[in-house]
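Colleague: The primary structure of each chain is shown beneath.
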Amino acid sequence: MTRVVDIDDLDFAHAGADLPALEGVGLGVEAGEAVVLLGPSGAGKTTLLAILDGRLHGWTGRVSVLGRPLSPDAPPPAAARPDIGFIFQEFALVERSSVLRNVLNGRLGRMSTFAALLGRHSVHDLDVAHQAMADCGIGELTHRRVDSLSGGQRQRVAIARCLAQEPRLILADEPVSNLDPARAGEILTLITRAAAKRGATTIFSSHQPELALRVASRVVGMTVGRIAFDHPVGDVSEQEIAALYRNVAQDWPIEAELRLVQ
Amino acid sequence: MKRSGGWAGFLTGAVFAAIVLWSFATSDMELSRLLSAGPRIVEFLSRMMPPDPTVVTEIVDGTAETLRIAILGTLGAVILSVPLGLAASETMAPPVIHRSVRTLLALIRAIPLLLVAMLMVGAVGLGPMPGIIAVAFHATGMLGKFYAEAIDGVTRAPIEALESAGAGRLARLRHAIWPQMAPVVARDTIFRFELNLRESLILGIVGAGGIGFYIQTYVRSFQYDKAASVTLAVILLVIAIEGMNVALRRHFS
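Chains as they are written, first to last, in this note's numbering: chain V, 18 to 279; chain R, 226 to 478.
Next comes chain V alone, as it looks inside the complex (with noise of 0.2 Å):
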């Protein structure tokens, strides 16, 4: 069986940085996976998930998704993207829409272009999109404009959008860090249950250790653009997450430092 996610030996460095955001990254993700990333913020999270996406560019190295080779300079083709979801950190709805609005956007890449051109859906993209509503707890808020909804629910219509997509692989950069904790531990198992209930996979990453073990299925450790560590949740110990915060606060400033003398 091949894998969802396969990556070997990736490096990636941001343009005028002096450190590498990734480097050397190995992972190979299952299908039916709950995977989070944990490390502190500049650990590499956000570039890992966006290169799976297709929205990064100019890296080194080997990445497969779904069993399709990611090109290092291009974006996948059009037709691959709604496999894979993305539920983004700010939400990146569009505010003055309305909430069915947005979460048919998430259709809009299996229509022709004449039909998405024309927002005519069909009476399964709708079904697609109520489901998700639904799922995700904002059946009553359909017709409200999203300018108009709490942080915790605008959470909610991104994550619906996503799941319209009907992706195989959902990918989640910090889907809970403007929220509350109770909140948050709402959204995570929403998130892990939905795509348990379709059958995709999903990687997100978190700096909330205690909430993301509760739901994930593995857990893989970052820092510095390296992977630290990468067990079934079962065999995380709390020294080894308290690892990768206290290299931060330690050793990192030093390493940086010290190349930005040389």
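Think of the hints as simulated: they come from the structure by calculation, not from any bench.
Covered, in the sense of this in silico footprint (three residues per stretch, anywhere, with C-beta under 8 Å from a C-beta of chain V), are these stretches of chain R: (1) 384-394; (2) 400-410.
Calculated from the model, a selection of chain V residues having no Cβ within reach of chain R, i.e. all distances over 10 Å: (3) 26; (4) 57; (5) 194.
Here are a few chain V residues that face chain R, going by a calculated C-beta distance under 7 Å: (6) 98; (7) 103; (8) 123.
Don't be surprised by glycine CBs; every beta carbon is placed ideally from N, CA and C.
With chain V held as given, fit chain R onto it using these hints.
Modeller: For chain R alone, coordinates are given in the frame of chain V:
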């Protein structure tokens, strides 16, 4: 330091005095003429009184024509401004194109409407048509710039999200860019229409149609009482448009 500052001040004052004196010397301004003009002005005003109310048909026709000039002029400006606005936007066009289109729009804005209208009267003859063309041309200078700014003011994140979901360029334009820019475009277009209406009132003075045409006609034929009626009508229209502007500002802010 203080001394040189004093000299600089004296020099500035001298230059200003010279400019003002030069203006008087070359403008045929005589106080005696202004004083003797007093009775003439009184006579002129008295000939305007009482305003002749029989020209109400002309006023209604002229107002309707002014309205038509403003409507069609705005429509023409919108049609011209959509492609020019796209070409002038930083996000849609490469630097060479958007910079040169922006310069072109600034040049168009710099040409006064009345001048354009006079040239158009010369080119296509009297009537509302030169007025419509002039308004469309002149308004494009402003509207094209505003449309470009509306496009550039759009938030990028939802556009990237739709691209990530596989939506094509046209679908992104329709469902991510347009909903964000539509209210700005609507507001700018309505304000430009209000400005066009205001400016069309006097276009007739150079023969480009509308209510202003009657002012010019009646003044030239010494029918000052009729000219007075039309002038009063224009004043009332300006007040009405001003009220519309206040209401619009309240609505859009």
